[in-house]
Amino acid sequence: EDQVTQSPEALRLQEGESSSLNCSYTVSGLRGLFWYRQDPGKGPEFLFTLYSAGEEKEKERLKATLTKKESFLHITAPKPEDSATYLCAVLNQAGTALIFGKGTTLSVSS
Amino acid sequence: DAMVIQNPRYQVTQFGKPVTLSCSQTLNHNVMYWYQQKSSQAPKLLFHYYDKDFNNEADTPDNFQSRRPNTSFCFLDIRSPGLGDAAMYLCATSGGQGRTDTQYFGPGTRLTVL
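The listed protein sequences correspond, in order, to chains A and B. 2 is the number of the first residue of the first sequence in my numbering; add one for each residue after it. 902 is the number of the first residue of the second sequence in my numbering; add one for each residue after it.
There's no promise every hint is true.
[To be verified] EDC-like mimics (lysine to aspartate or glutamate), calculated; alpha carbons at most 20 angstroms apart, straight line:
#	chain 1	residue 1	chain 2	residue 2
1	A	K58	B	D1002
2	A	K58	A	E46
3	B	K945	A	D3
4	B	K945	A	E10
5	B	K945	A	E46
6	A	K80	A	E18
7	B	K939	B	D960
8	A	K64	A	D83
9	B	K939	B	E958
10	B	K953	B	D978
11	A	K60	A	E82
12	A	K43	A	E82
13	B	K945	B	D986
14	A	K43	B	D986
15	B	K945	A	D40
16	A	K70	A	E56
17	A	K60	A	D40
18	B	K945	A	E2
19	A	K80	A	E61
20	A	K69	B	D1002
21	B	K939	A	E10
22	B	K945	B	D1002
23	A	K103	A	E2
24	B	K945	B	D978
25	B	K939	A	E46
26	A	K69	A	E57
27	B	K939	A	D40
[Unchecked claim] Computed, partial: chain A to chain B, Cβ under 8 angstroms:
#	residue
28	K43
29	F47
30	L88
31	L92
32	T97
33	G104
Keep in mind that the hints were calculated from the coordinates and are not lab data. Source: prediction; values computed, not measured. All C-beta atoms, glycine included, are put in the ideal place defined by N, C-alpha and C.
With the hints as constraints, model all of the structure from the sequences given.
As structure tokens, then:
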């Protein structure tokens, strides 16, 4: 069964304290891995799509990487406005539905 | 800016009273999705349209239906809402040029059932 596991469930950082979020997956043929940011009461905001192992994408303080078994979302020198829940999802070759992890809730304090 | 728009943002209905949620998109994407997200849970796909072709997930309750009258609009109808249907309902789209798998979400409609 296709599955996505995110860790940790919650992460508290001081402003400027870099860290990484993990997304491990098992999927029958990866068509794509997606990172989203979700603020309370809002829809997921697209961040990155990764298609193959070794691929990396960057946007401001965020960098996403992909291996054959997991993806990392690296946050460099975070700011309080980076506080949100970060969702990882995969799409398999056969499906249409994104298979989501439960998310990592990030809190950054100043 | 091209986007996915959902109305209303907040909807309150009574137990058993039908409700319709709407979604529109200016991305000109051919695929539209409806997800249900309950508190502290991951989004769960209810159904999707590939152009006019309707696709229902196997475990989507019969209480939920959808209409897509044209490329830009999609509606979610809940015929007889129960207390367990209270959730955030998310519309998403995908398609367009190049790699087309990325799904873009709207802001969601928060449904409360009294």
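Those earlier numbered hints the structure runs against, lowest number first: none
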